[in-house]
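*Asks:* Chains as they are written, first to last, in the numbering used here: chain A, 1 to 170; chain B, 171 to 304.
Since the hints were derived computationally from the structure, they do not count as laboratory data. Just so it is clear, the structure is predicted and the values come from calculations on it, not from any experiment. Note that the Cβ used here is the ideal one computed from N, Cα and C, for glycine as well. Watch out, some of these pointers could steer you wrong.
[Stated by the list, open to error] Chain B stretches covered by chain A per the calculated footprint, using a threshold of three residues with CB under 8 Å from any CB of chain A:
{"id": "1", "segment": "234-240"}
{"id": "2", "segment": "260-267"}
{"id": "3", "segment": "277-288"}
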Amino acid sequence: MDFMFLVFAALAVIGGLVMAFHHSIVHSAFALVGALFGIAGLYWTLGADFLGALQLLLYVGGVTVLLLFGVMLTTRDSARISTFRYMLMAPVVGMLAYFMLNTLRGVYAVVSELGVDAAEAAPTTERIGEAFLDPDVFLLPFEVAAVLLLLVLIGAVTVARRGSSDEGAA
Amino acid sequence: MLATLKSLAAPLNSAVVQVEEVAADASVAAAPFVERLDAYLVVSGILFVLGVATILTRRNALYVLMGTELILNAANLNFVAFARFGDYGLDGQLMALVVVMLAAAEMAVALAIVLRIFHDFGSIDLTRTDGLRD
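So that you can see chain B by itself, here it is in the shape it has in the complex (with noise of 0.2 Å):
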């Protein structure tokens, strides 16, 4: 069983193993921080938990959109970061890609969700569309 896992996560543990290098290697310290992996992930980093506050103490369903366009766009970030510092090619980019179109298309149907909500509603206060509850 463990030897099951571990021989799936072995694609995953050389990955993490090829970052570290990256990121361990002792130049990076001092290099600009356009050189550096662990300055976009921050950035990212921060980008997310903003995204995810902004979904948490929001009620407004369009506050929630934006949370969401947030999380992914930092999600985004990552993917070209390592793209740019793991030796993975052009994927990340290509991944990031995909990502930003189903973004959009999630963008437009959710909006005519919420227009939709406002029509049957009157408001598109998330806590108050309970039409499903009991």
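Same shape as in the complex, but just chain A (with noise of 0.2 Å):
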């Protein structure tokens, strides 16, 4: 356990520092994937087990591909992107997804390690729910949130949206 804390630790500590101090914004943008999947990390390390699966779900597949997308739509120098030094590091990231299959058993193990500790906590998601459902605890700011998620819907489309203020050109 003290050991899958240092490895997510030193994951969300090497990611933000990546982030601040590369001058790439797209290896800015990965090195933040990795700080956030240690977050989540964290998260499990504390009990946490439902939040750190939606920490995965919502910032590592969510958040992240619209931050990707912003930086792909609003960049422009893409240009000085090396094709030699990508060709010269896809034969180590391949032998490194060789190595991650063949380790899948010690994965599993370190997993199943982690399940020991979160299960003194007990599983949280049928707490949250009724948390979440509950008048007296949380009922008030999940609705909200649901209002709130219904206005950012409109609103991003709006704002975003081509030739919606006044000059008009689509």
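Make the complex out of the two chains shown on their own, each in a separate frame, by following the hints.
*Replies:* Okay, structure coming up:
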């Protein structure tokens, strides 16, 4: 368990460092993915299994994709991507993937060890669901969140739509 | 006046005392990291500072968004850690869930605004988007 904390904490801190100081925004975005993944792992070591999974789904899966789309649509220095460096790195990444597949058994061992401590804190999913639907606890924030998400959906489309402002260029 | 302030701060004080009890436990220093509140607070503090550094040193709007995400996550880590080590039940995790939802919504709107700025200014350099200046 201690080992897992150190791994995830190192992932989060190194990801944050690379994000803060790397000169390429694409690298920074991927470093942010690493940092968010590390934080999800830290949630797991804290016994917050549902929150960690949600962190993976929402942040690593959703927010990061949004961010990368933003980078893709607004950054103009894509011409200085060096193909040679990527070809150099491809075998390294391939070897890494191979070794990771081989060590899947070890990963399972680590995860099951992680599961032992998480079992102490009991699965939180059911209690979180009940708390969010209990009028005395978190029902109001839940409903406000629903309204806010609808507003955000409409607002984001309205703001980003081409030609929605004064010049009307489409 | 002072008494009013003290009564206002009373819940805060009890929370602090509670946390101090957790931290001042003699066995804590020798405990593994996963059973220590301060380890999580240190990680969270480092992430927060890195987020602030990103926001302050970059001029690209997307970097500022990334820094914001890192700061929100550092705060969330604090929520969950205190929920685990303090005697607060599940409240910290619920709050963290609400924060995650708000962060996702904020990200969507902010990216829409960034795209709009790029369309109108031809750049997302925050020092050049000064259209409201006299």
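*Asks:* Under 8 Å between beta-carbons, do enough residues of the segment 260-267 of chain B, three at least, approach chain A for the coverage claim to hold?
*Replies:* Holds: 5 residues of the segment 260-267 of chain B have a Cβ under 8 Å from chain A.
*Asks:* Quick check: the segment 277-288 of chain B, covered by chain A? Criterion 3+ residues, Cβ under 8 Å.
*Replies:* holds (count 10)
*Asks:* Holds or violated: the segment 234-240 of chain B covered by chain A, criterion of 3 or more residues with Cβ-Cβ distance under 8 Å?
*Replies:* holds (count 5)
Checked against the numbered hints above, the structure breaks none of them.
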